[in-house]
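Number of protein chains: 2
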Amino acid sequence: MFDAKQFIENSLKEIKLDVGDNRVISACSGGVDSTVATYLVHKAVGEKMIAVFIDDGLRRDGEPEFVVRILKDFGVNTRFVDARAEFFEVFKGKTDAEEKRKAFREKFYSTLGRVAKEEKIQFITQGTIKADVIETVKGIKSQHNVLGQIGIDSQIYGYKILEPLRELFKPEVRMVARELGLPKEISERMPFPGPALSLRVLGEVTAERAAIVRKATQIVEEETLGLGTFQNFAVLHNDKATGIKNDKRVYGNIITVRIVNSIDAVTAQASQIPFEKLMKISKRITSEIPSVVRCLYDITDKPPSTIEFE
Amino acid sequence: MFDAKQFIENSLKEIKLDVGDNRVISACSGGVDSTVATYLVHKAVGEKMIAVFIDDGLRRDGEPEFVVRILKDFGVNTRFVDARAEFFEVFKGKTDAEEKRKAFREKFYSTLGRVAKEEKIQFITQGTIKADVIETVKGIKSQHNVLGQIGIDSQIYGYKILEPLRELFKPEVRMVARELGLPKEISERMPFPGPALSLRVLGEVTAERAAIVRKATQIVEEETLGLGTFQNFAVLHNDKATGIKNDKRVYGNIITVRIVNSIDAVTAQASQIPFEKLMKISKRITSEIPSVVRCLYDITDKPPSTIEFE
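The listed protein sequences derive, respectively, from chains A and B. Counting in our numbering, the first sequence runs from 1 upward without gaps. Counting in our numbering, the second sequence runs from 1 upward without gaps.
Excised from the complex, chain A in its bound form:
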């Protein structure tokens, strides 16, 4: 049985030992993993740590403001980096899923590396958890935060990596969050991938297309609040389909809604939520987002699907 209290005790000691007299930067996306990692390191080394929130233009509606507010509530030194234009620049012309992940990863690390250099910092904290490591090693996907596992030397980016949660699965991370006394909006927070909405824009990721999936995501999250499902999100297809708007034929966008039940993200089940709820989501998405004419619901478990599309 996992003992969260014991884990925290050991972890704080190890982090102090690892960091020594160095300074640490923690990339915090607002997800449960990176927020717990940030808070642990903050607790361990205090003023030696700076949290960085990188706004890559791919966050959910209201998320940048939410994360910065939470970090301030924790009393953490926080730096906000607006890198939206830079991220959309590197996605230009890229449509392949692995190329997009790679582009995100490189931009993420070069941005973090730049900040670390400016701040004269040697250590980066990340919220890598065990499922990320397993899937990267298995070749199921390349997690952007598991560099060492795939043979990339993080030193080339100019810093060492600290991953205090790498031995934990998601439910254990949540237990640690509760034990640390973090608010429910963090400890019970729905998983959200590192490369964020870029995985949910099939084809080229542009600011306009990210805005469409951001709005659809907001609708899905509003309508599924309290369902208790593991992850609820929207995906914008690159494919288009015919539809009818204002009595005219249009060739418009397709959104898929994905809602899954899972314990640890290693396996997952398509959630059998009530049809009226699905129809309400479909009607809202196709009416509140003018370019969308069609809404689909993902009915595939993991395996054979992954939770995300890319």
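Identical chains share a label here; the pair holds if one copy fits it or two copies do between them.
Lysine-lysine pairs mimicking DSBU-like chemistry, simulated, CA-CA at most 35 Å apart: (1) LYS248 to LYS215; (2) LYS248 to LYS302; (3) LYS102 to LYS245; (4) LYS170 to LYS48.
Calculated directly from the structure, the hints in this document are not laboratory data.
Put chain B on the given structure of chain A with help from the hints.
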């Protein structure tokens, strides 16, 4: 109230009058509309009519054999044209929905025109119904069999067009079929579009991709037999998604399942069929078709979607 018996009486007289001493060809796809039209003209002018079944490589599993057998059972002179290679040729490099419809229409008419010429025939019978006319005129889609409505002179293809069902809606066509004593497998047959599986292969239509959606369609039809829904089918996306097969990451195909309730195809509702059924369809499609990793269910009514994707 529509009187099928009266309609048939009037129709037979009109057809005889229209055709006169000419000979007629009837393009029969096996759908209820074209089969009823074919049978009506056969009844009206007998030996003056030849039915043509064009195998465009885009028909459902077993359909070419089924249609030819039915026509022979009716005692209709039937000509089978294998045009599969020609059709796939014209789809090469085409990904836009309207371009694909246009390519299909042109190849369909040139093939029919060629046969009509060989047979020295002036009249073509088609199963156009009122919904086709309305949607073409409204610009919702261009039906391949409503040439006159969109200002195309059918004479350029070398023949005149006979459309005995153009004033009827789908339920009336079915009443006529029953009144004519056609077997249930025709009178209650699910609608199937003229351009067939080409509308259900998003992106380029190739023989390989048509085979994938044909297999998925067969699974959907088997699993939804007896549900009493209006139309049940599968669509192959051009987009791909990640999945896991044999413990390895793959970047595979996506299939959408579309099942709708409708009276006349002018409006339609996404069918709220039991989740266990949807999950069974998803599991069969992703296991019986190796390249497919993800299965989606369309939850959009018409409007704002159309029934088909293209």
